[in-house]
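Enquirer: Sequence:
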Amino acid sequence: MALRVLVVDDEPLGRRRLLALLEQEAEIEIVGTASDGEEAVGAIRTERPDLVFLDVQMPRMSGLEVVQAIGARSMPATIFVTAYDQYALSAFDAAAVDYLVKPFRDSRFKEALDRARRRVASDERERLHEQLMSLLRAGTGDSTTNASTTRPTPPDAGTSKQSGFLERIAVDMRGKLRVVPVAQVDYITASGQYAELHVGTHRYVIRDSMQHLEERLDPARWMRIHRSAIVQLDRVSMMLRNEGSEYWVQLHGGVRLRVGRSRREALEARLRQPS
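Its first residue numbered 142, the sequence shown is counted upward by one per residue in the working numbering.
No lab work stands behind these hints, which were simulated from the structure alone. One or more of the hints may lead you astray.
To be verified - Cut-off 16 Å, straight-line C-alpha distance, at most; resulting in silico cross-link-like pairs (EDC-like, lysine to aspartate or glutamate): (1) Lys251 / Glu164; (2) Lys243 / Asp151; (3) Lys251 / Glu168; (4) Lys243 / Glu166; (5) Lys251 / Glu166; (6) Lys243 / Asp313.
To be verified - Beta-carbon label-pair distances, calculated as ranges: (7) Arg411 / Ala324: 14 to 20 Å; (8) Gly385 / Arg214: 52 to 58 Å; (9) Met379 / Gln352: 24 to 30 Å.
Think of the CB as a built atom: it goes at the ideal place given N, C-alpha and C, for glycine as much as any other residue.
Construct the entire structure; sequences and hints are all you get.
Expert: Below is the structure:
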């Protein structure tokens, strides 16, 4: 029987790449695609695929939140598609049929698909479900946490084991994966469904929300000063006010960022604290 497959990726190019590779394979039935986590949950419940290619980093609802919403025991066999760096892969390796790190080669895709075929045809589904439940517990602290309010973070996904805060961020760059140390980032700004990391004169775009980044950054070093800006506090040289009573911070490199009205007093208090 044909293997019924659902493809989930918020990037059109990513979806097309997976669909093109699947169309070259025999005994594959593509039951649908989804461009975000909410669509994925609906498609999994409606189509009941045998296998899901599931992007991990998506706006609003991550791949792990999809697993949480469906429930590990009800989740089809899963191949995670991720841009996380090598340090995070042990978590996916332990819980999924396989994982693909963007960008991936055709041969690596073939290897993952063949592995999935064998798993689906075998009696290993129960073990995979148990492993998915373990991954959810590791990412959220409780597998029953409401998926609409919690964004699980895979273990070691750029975080320090000592502090639990983000220390590095993986960035896709036209076929390359660059790891950016968080300590080198001056500030972060929102760009639609994306975020921009500003490192000196360089700018790196990642698929993540400001809220998620704010939750994972060390609050002793970082502060969200506006709904669209997070700044590393030791980069701030002064706080300014213009004639219209708008507040700004100026960084050591000369960049100015607007401060939200509701955040001004908290920022001023933080800046007055001894370093």
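Enquirer: The structure should be examined with respect to each hint, and the outcome stated for every one.
Expert: Do the hints match the structure? See the list:
1. Lys251 / Glu164: holds, 12 Å
2. Lys243 / Asp151: holds, 13 Å
3. Lys251 / Glu168: The hint holds at about 14 Å.
4. Lys243 / Glu166: At roughly 20 Å apart (the allowed maximum being 16 Å), Glu166 and Lys243 break the hint.
5. Lys251 / Glu166: Holds, because 9 Å separates the two Cα atoms, which is no more than 16 Å.
6. Lys243 / Asp313: holds, 8 Å
7. Arg411 / Ala324: 14 to 20 Å: About 18 Å separates the Cβ atoms of Arg411 and Ala324, which means 14 to 20 Å holds.
8. Gly385 / Arg214: 52 to 58 Å: For Gly385 and Arg214 the Cβ distance comes to about 57 Å; the hint holds.
9. Met379 / Gln352: 24 to 30 Å: holds, 27 Å
Violation of the numbered hints given earlier is confined to hint 4; every other hint is satisfied by the structure.
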